[in-house]
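Taking the hints into account, I'd like the entire structure generated from these sequences.
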Amino acid sequence: MRPLTFSLGASLLLSATPLYANDALMELIDDPTQWAIQTGDYANTRFSELDEINRDNVGNLQVAWMFSTGVLRGHEGSPLVVDGIMYVHTPFPNTVYALDLNDDGRILWRYEPQQDPEVIGVMCCDTVYRGVAYANDTIFLHQADTTVVALDAKSGEVKWSVKNGDPAKGETNTATVLPVKDKVLVGISGGEFGVRGHVTAYDMETGEQVWRAYSTGPDEEMLFDPENTMELGKPVGENSSIDSWEGDQWQIGGGTTWGWFSYDPELDLVYYGTGNPSTWNPAQRPGDNKWSMTIMARDPDTGVAKWVYQKTPHDEWDYDGVNENILVDQEFNGEMRKLLVNFDRNGFVYTLDRESGELLQAEKFDPAVNWATHVEMDPNSEQYGRPQVVAEYSTLQNGEDVNTTGICPAALGSKDQQPASFSPKTGLFYVPTNHVCMDYEPFRVSYTAGQPYVGATLSMYPAPDSHGGMGNFIAWDARTGEMAWSLPEQFSVWSGALATAGDVVFYGTLEGYLKAVDAETGEELYRFKTPSGVIGNVMTYEHEDKQYVAVLSGVGGWAGIGLAAGLTNPNEGLGAVGGYAALSDYTALGGQLTVFALPD
Amino acid sequence: MRLNVSLLAAALMTVGTLAVAAQDADTAVAHDDGIRAYNADDIPTFNIAEDGTVDWATFSGFRRYHAECHVCHGPDGEGSTYAPALKNSVMRMDYYDFLEVVASGRASSNSVMPAFGTNQNVMCYVEDIWTYLRARGSGAIDRGRPAKRADKPEAYAEAEAQCMG
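Chains A and B, in that order, are what the protein sequence lines are.
Take 46 as the starting number for the first sequence in my numbering and just add one per residue.
Take 79 as the starting number for the second sequence in my numbering and just add one per residue.
Hints may contain errors.
Going by beta-carbon spacing under 8 angstroms, a handful of chain A positions derived as facing chain B [claimed, not checked]:
(1) G119
(2) E163
(3) G166
(4) E237
(5) E403
(6) T493
(7) V600
(8) I606
(9) A609
(10) A610
These are computed hints drawn from the structure, not numbers from a lab.
Glycine included, every Cβ here is placed at the ideal spot set by N, Cα and C.
Quick look at the structure:
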């Protein structure tokens, strides 16, 4: 143990020396005319100060131009705009286009990576990719096969490239990277293949690996400091992960890192979530399975964890805990606090103090959520911070080979990766949600490297006794823990939201609509049907003093797989089969960017 | 309401039985080895009783399909935006070609079927998955979880234990 403590101490000392802050990137992110990283800003608010398009004129919005990506797969993420160039990415094969906005969108350069198509076979749920990031005149691409590539932003030439994982073991990538200071932080996918999750920092200039922090395993490999890495006000202690697994199951234990990163420059902390533990059969992995399903706060220079919070210990439902952590400064119980707000897959929205990791609030953001009664908030309770599981919906307590019925939410969560938005003007969060429940039957599986490692059969259906649709778009007030309004949607809302200073909130739907609603009331102000279902995120930028709104169409991802043929509810008898809308009746594959503006 | 729904279910079940009675020789049961049913060509097939009870192997196919295949091919063999509807593929495909594709995979441009040859969770149940998808494709069973199933036969349990190791 001694060498471990020593080396962690040394790296903590290193972090005390002043390190390069990326002022140029910070300025770019603060400039509302640009969109330099996928999340819009480091805080993940997806809020724009642009207000030329506002609640009074958004009804006049028109299509300004369109661009076909040439790929027919699920299009997640959004384009970037930096210095008059738009950067558009595609799903596998992960082509990147640089479009010259000063020359009517002419293609300045394109980068077409050569990837072994074998990687497609180990990508769970479509070949989606949530987009490139910009920093220091460089576009950072993270390919499906886990190759991280730095491209010259002006020429598209490769500056460096590095392999982050091994697709032969089921390691792939779908997430964007986070450029922070002089590093690029990258995650990994493959939770359904028994991949052991990690986050890795590469030197922005050279591509050299600086640190890697695993989600499970020995303290030194997770970059945990047993005395100073805290959970809910207490040190996590030694071997916090290994002691929470049986045997060496942690080595194939998941906790992958395919969601979004956020960063607080003042606190100098990076935040992200870890995914579900592998397998989906909880009986095969007794224990809390730390640190899957966890919000991590780490030092970007050393990777050392400052605090952690496990939302769903010992997952029994695939409530993959990777959703974005939105950083806001709001009044809470009469006091201004630095908050972190997380709308988790499991249907609870968590509000924490992002400096200390203190849990301030945990509320259900969909009334259908039933797998737990509440999260224990009494710090003196042994159950502090833990969800109180309802036995009827516990797939562990009901056991292997038993079909547990009526669990809400379904495995795709009350909300999946599609990011929410926050408006400092209204103080509200705008959240794309799913309104789907499931039956879940776990059973024994064996592990083979590079093969699916699932171990449960699922049936999903719209939340019973509700509006019959599979989604809602909601406005949430984290100050009170209450819903402001909720718009029922026929399908899950699988598009990232955008809020603007024009008091408008934008989101896309699986039928293909771009919708604009009033940020105060939720009243619909505009809709336009794009060529294919929208699972991309809405973004905005300004060019030659004009505001534009852009979104990728291209149905797919988990939504395209689960909802294409429509859902059935096995518990309503055979008469209900086929009674719900099939996405394939509304849309077909596509791959288009649609850019909107007001008429001149 | 519950009663009405279950009555409706029972009514539909009768229709389902008729469909089974009308199935062609390709899916008709010729013999049974105590593990599963086979047609006259010794190709595995489903066996659905008059009251709608699904044989264990076909039910097992339902479970395994929804763990191993459904993340690409969608629920109930119905297909998705990502991969074809297997309930239709198996009605066109030769059984031995099906085994070959599952074990070795196949690729065309941007679409790849992975090779599952080394995956016991798939290969130990590939016959079950075949009969489940054939039952779906021929209309013998409807979408969703089969309402009634036979218990796991002893011979099946022995063969399964041997295969899974």
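Hints, verified against the model:
1. For A/G119, the interface hint holds, the least distance from its beta-carbon to any beta-carbon of chain B being 7 angstroms, beneath 8 angstroms.
2. Because the smallest distance between the Cβ of A/E163 and any Cβ of chain B comes to about 7 angstroms, under 8 angstroms, the interface hint for this residue holds.
3. At about 3 angstroms, the closest approach between the beta carbon of A/G166 and any beta carbon in chain B falls short of 8 angstroms, and the interface hint on this residue holds.
4. A least Cβ separation of about 7 angstroms between A/E237 and chain B falls short of the 8 angstroms threshold, and the interface hint therefore holds.
5. At a threshold of 8 angstroms, the smallest CB-CB gap from A/E403 to chain B is about 37 angstroms, leaving the interface hint violated.
6. Because the beta carbon of A/T493 sits about 5 angstroms from the nearest beta carbon in chain B, less than 8 angstroms, this interface hint is met.
7. For A/V600, the interface hint holds, the least distance from its beta-carbon to any beta-carbon of chain B being 5 angstroms, beneath 8 angstroms.
8. This hint holds: A/I606 has a C-beta 4 angstroms from the nearest C-beta of chain B, less than the 8 angstroms allowed.
9. Nearest Cβ of chain B to the Cβ of A/A609: about 4 angstroms, under the 8 angstroms cut. The hint holds.
10. Here the hint on A/A610 is kept, as its CB sits about 3 angstroms from the closest CB of chain B, short of 8 angstroms.
In summary, the structure is inconsistent with hint 5 from the numbered list given earlier, while agreeing with all the others.
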